[in-house]
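Trainee: Sequence:
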Amino acid sequence: MVNGESFYVDPGLDLQPVVTSGGNHEVLVFRYLGCIVIIGSSKLVIMQCTHVLFVWAPSEYSGLLNGLCGHLSNNKKDDFLDRWEDLHPYSYHPIQFALSWMTEDQLGPPCNEMCPEPGYNCSTTARSSDKSERLISHGKKPKSKIQKISKRIRKLCRRHVGKDPIFFKFCVFDLWQLYKEGKRNMWKEWVRKLCKITIIMNHLLELVKETTLILKMTNDLIKGHNEDDFCTHEDQNVNNSLL
Numbered sequence: 004m005v006n007g008e009s010f011y012v013d014p015g016l017d018l019q020p021v022v023t024s025g026g027n028h029e030v031l032v033f034r035y036l037g038c039i040v041i042i043g044s045s046k047l048v049i050m051q052c053t054h055v056l057f058v059w060a061p062s063e064y065s066g067l068l069n070g071l072c073g074h075l076s077n078n079k080k081d082d083f084l085d086r087w088e089d090l091h092p093y094s095y096h097p098i099q100f101a102l103s104w105m106t107e108d109q110l111g112p113p114c115n116e117m118c119p120e121p122g123y124n125c126s127t128t129a130r131s132s133d134k135s136e137r138l139i140s141h142g143k144k145p146k147s148k149i150q151k152i153s154k155r156i157r158k159l160c161r162r163h164v165g166k167d168p169i170f171f172k173f174c175v176f177d178l179w180q181l182y183k184e185g186k187r188n189m190w191k192e193w194v195r196k197l198c199k200i201t202i203i204m205n206h207l208l209e210l211v212k213e214t215t216l217i218l219k220m221t222n223d224l225i226k227g228h229n230e231d232d233f234c235t236h237e238d239q240n241v242n243n244s245l246l
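Residue numbers for the sequence shown, in our numbering: 4 to 246.
A hint or two may mislead.
As the list claims (entries may be wrong) - Below, computed lysine-lysine pairings styled on DSS-like, alpha-carbon distance capped at 25 angstroms:
no., residue 1, residue 2
1, K183, K151
2, K151, K80
3, K158, K186
By construction, these hints were calculated from the structure, which means they are not laboratory data.
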């Protein structure tokens, strides 16, 4: 969608200008690894995938950009600066920071009384104290059952996203959410998606190290790479006994 108007990005290899009834927009788009890449005249580059968003900004924007991707600066400690310029400390679930960047049409109860992973709870308002993210009890579930489920989830996540602490924590969090909602049968499908996200992210990090990002993306397009090339092993890795 461009300003509420549908716009289709061709699956071809070329950069495509964005033209709508409102005229020409100063951005170029193309598809890459199953995602949409947007290159703006402001030098910002956005890559929108099904379940993840990547943003690249030039160094001259340092200190000037805020958002869900963090505060762009050379100081990692101020990354969780929310919409109201309140700084949240690094934590396992910086929930209030994320909720502050929701748009008006996204506002609503973000979670139930218990968060997906045992040991955490979260607020049902967009802005509240970080103290709401304190540890809580496991409720009525037997400890042995919690430990058994936790072990299965962690084993499944390690097989698909590896030991990277960020992706591993996201995987564990998501699988607990599915379990809490009675959707344990979706674990296998979701770890496949997480696998693709992890591989795409690592692939992009390597591109940044090797050469100009957009040039390398284009070269990969010409070679015919797509998102399914990166995660063909998950069926062999999923132990159905864990599901």
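Trainee: Does each hint fit the structure? Answer for all of them.
Mentor: Results for each hint:
1. K183 x K151: Within the cut-off at roughly 15 angstroms; holds.
2. K151 x K80: Violated, at roughly 35 angstroms.
3. K158 x K186: Given pair K158, K186 holds - Cα atoms ~18 angstroms apart, limit 25 angstroms.
Comparing the model with each earlier hint shows a violation of hint 2 alone; every other hint is respected.
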